[in-house]
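Taken in sequence, the protein lines are chains S and U.
Take -16 as the starting number for the first sequence in the numbering used here and just add one per residue.
Take -7 as the starting number for the second sequence in the numbering used here and just add one per residue.
None of these hints come from the bench; they were simulated from the model.
Remember, it's a predicted structure, so these values are computed and weren't measured experimentally.
Please note that the accuracy of each hint is not assured.
Said to hold, decoys possible - Here are the in silico distance ranges between beta carbons for each label pair:
| id | chain 1 | residue 1 | chain 2 | residue 2 | range |
| --- | --- | --- | --- | --- | --- |
| 1 | U | 40 | S | 321 | 45 to 53 Å |
| 2 | U | 24 | S | 55 | 44 to 52 Å |
| 3 | U | 37 | S | 321 | 46 to 54 Å |
| 4 | U | 136 | S | 114 | 52 to 60 Å |
| 5 | U | 40 | S | 409 | 47 to 55 Å |
| 6 | U | 149 | S | 184 | 16 to 24 Å |
| 7 | S | 164 | U | 149 | 21 to 29 Å |
| 8 | U | 24 | S | 164 | 22 to 30 Å |
| 9 | U | 110 | S | 409 | 47 to 55 Å |
| 10 | S | 290 | U | 38 | 49 to 57 Å |
| 11 | S | 361 | U | 37 | 35 to 43 Å |
| 12 | U | 113 | S | 165 | 35 to 43 Å |
| 13 | S | 317 | U | 113 | 36 to 44 Å |
| 14 | U | 150 | S | 38 | 50 to 58 Å |
A virtual CB, placed ideally from N, CA and C, is assigned to each residue, including glycine.
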Amino acid sequence: MLRILLIFYFFMLPLKVFALIEVDITRGNLNPLPIAVSPLSIDETSRQSFEKILKKKNIGAEISLVVEKNLKASGLFNPLNKDAFLQKPDIANLKPRFEDWNLIKAQALITGKVNIFEEKLRVEFRLWDVLAGKEMMALAFTTVPNNWRRVGHIITDKVYERLTGEKGYFDTRIIYVSEEGPKTRRIKKLAIMDQDGANNKFLTLGNELVLTPRFNPTSQMVTYLSYFKNLPRVYLLDVETGMQEVVGDFPGMTFAPRFSPDGKKIIMSFAKDGNSDIYTMDLENRIVEKITNHPSIDTSPSFSPDGKYIAFNSDRSGYQQIYVMRSDGKNVKRISFGKGLYGTPVWSPRGDLIAFTKLHKGKFYIGVMRTDGSGERLLTENFYQEAPSWSPNGRVLIFYRETKTDSKGEGFSAKLWSIDLTGYNERLVKTPTDASDPSWSSLLSN
Amino acid sequence: MKLNKILKNVFLVTVACIMLSACATSKKTTGQMQGDVYTGKDTVEYLASGVPDRVFFATNESVLTTASRETLRKQAAWLRKNSKINIVLEGHADERGTREYNLALGERRANAAKDYLMTYGISSNRISVLSYGKERPVDSGSNPLAWSKNRRSVSVKAN
Chain S
-16 MLRILLIFYF FMLPLKVFAL IEVDITRGNL NPLPIAVSPL SIDETSRQSF EKILKKKNIG
44 AEISLVVEKN LKASGLFNPL NKDAFLQKPD IANLKPRFED WNLIKAQALI TGKVNIFEEK
104 LRVEFRLWDV LAGKEMMALA FTTVPNNWRR VGHIITDKVY ERLTGEKGYF DTRIIYVSEE
164 GPKTRRIKKL AIMDQDGANN KFLTLGNELV LTPRFNPTSQ MVTYLSYFKN LPRVYLLDVE
224 TGMQEVVGDF PGMTFAPRFS PDGKKIIMSF AKDGNSDIYT MDLENRIVEK ITNHPSIDTS
284 PSFSPDGKYI AFNSDRSGYQ QIYVMRSDGK NVKRISFGKG LYGTPVWSPR GDLIAFTKLH
344 KGKFYIGVMR TDGSGERLLT ENFYQEAPSW SPNGRVLIFY RETKTDSKGE GFSAKLWSID
404 LTGYNERLVK TPTDASDPSW SSLLSN
Chain U
-7 MKLNKILKNV FLVTVACIML SACATSKKTT GQMQGDVYTG KDTVEYLASG VPDRVFFATN
53 ESVLTTASRE TLRKQAAWLR KNSKINIVLE GHADERGTRE YNLALGERRA NAAKDYLMTY
113 GISSNRISVL SYGKERPVDS GSNPLAWSKN RRSVSVKAN
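All chains should be built: construct the whole structure from the sequences, respecting the hints.
This is the structure in structure tokens:
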């Protein structure tokens, strides 16, 4: 399973000028940038070799399709229809005829080529500014053939970063809970997939109830809640090796786990005698610290990215509200003061915002507020939705949404959705089964 | 002066009682619900003849109603007679709340039932608590009646 960790060899190709086009991501993008993704060119020998290894007829075209779909899903780009392309991929990669690309209204162009090199997949790509007629970026990398989809994601990340000025979020994975069966006897399994829904894999068999998996921001470890032997406890799972171990083995239920930003601690709730408080456990020396001590329910803790603060959910005021405290549990301050109930605070990886779920007048909202509670903004309203998780660049939220059910159980579904921080570009994230509790990984490569 | 104060307090308490009972009686009783607490028998199973297995709660609440306390007293009497039987109290919430808060709420509800059984002489050694949050509804409907059936603590024989 070292495949994921296998190094991508990067080479900067000679770069000639710098950029003129830019994509503004700070507001909802109603005019996505028209971009042409020319299929990566491939020589016949390489094509045949990869067809044998990967069972894909033209791996160059497949990789560029990954890039195209990513760009489209971001909502910031409008990949143009390939039928309109006038120039052949191999010639375009050498020197695009900018008039041709201008003619179809492309403002940016991606070209590249693929070949086999010592049994490995070698890809180079270039990003061009069509209007200025200039090369903006050129990169090449080599990896094992099986990593071909990741090559597409990394190209997207590089293009996104070059054009928006912010890191991408495409070479990432989502861990979530797969759901099947009737609502009253739901079978739940841990599942993982690439950010675009490819390579879906189930990690547990469904013999016991599992909930709320969350990625370690620094590794491929996951923490989650399992009802193994009917004892709800917090577990650790190494996604690469499949190794599992219980970490919250307290005399009662442990739940709502999350990693600290350095990945060294788990923060979670422990419920005993009708009272839930927040604890941390150091994964190295297993030292447990009690962080809150209050007769109310304290749960859903989430660290700030600098590790200095913790946002959490408490009903100490009588109803569910969001609070922030220092990581030692001192200085507790309520930050949600709008109408309704607030839950599931999650600190943005950029540090400036907290995403939350809100219930008001029978509707559920996903929203964001500043870390002092000001500037509340609701992004989406629905019958039921909760559990936002941030993309590693803090631009997109993924969450789950459930539909209304009649008393025969008809009409129920649970699906993953994503939405841009601006409130635009809401989209269904397709999963093979119903799905809930998504958690977004960090970038796999940097 | 002192008497005056006592009288005043008595008066206030009386007023409060009247107001509370007024509130209680003015709560809508619609078929199988009082306020939003389930009062019907649809989902109820029996530990023994005349001993219902579950109690119901208002939204976001873990306070035992009069009916719940009566049910739990019957359970306690039955448990005293059957001293070899242990039970698991399974606490549940409806689907209208966030998953993690509901896990905590289910635990709080089951413990409310546990505490009451203990005051009626049942040893805590015989009672374990298991919260399912909103994971195991009995009624899959998305309507107030279904939700009221799902906000519950169920006593299940453990052996």
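A quick look at each hint next to the structure:
no. : hint                         : in the structure
1   : U:40 with S:321: 45 to 53 Å  : 49 Å, holds
2   : U:24 with S:55: 44 to 52 Å   : 50 Å, holds
3   : U:37 with S:321: 46 to 54 Å  : 42 Å, violated
4   : U:136 with S:114: 52 to 60 Å : 59 Å, holds
5   : U:40 with S:409: 47 to 55 Å  : 53 Å, holds
6   : U:149 with S:184: 16 to 24 Å : 39 Å, violated
7   : S:164 with U:149: 21 to 29 Å : 25 Å, holds
8   : U:24 with S:164: 22 to 30 Å  : 27 Å, holds
9   : U:110 with S:409: 47 to 55 Å : 49 Å, holds
10  : S:290 with U:38: 49 to 57 Å  : 53 Å, holds
11  : S:361 with U:37: 35 to 43 Å  : 42 Å, holds
12  : U:113 with S:165: 35 to 43 Å : 39 Å, holds
13  : S:317 with U:113: 36 to 44 Å : 41 Å, holds
14  : U:150 with S:38: 50 to 58 Å  : 53 Å, holds
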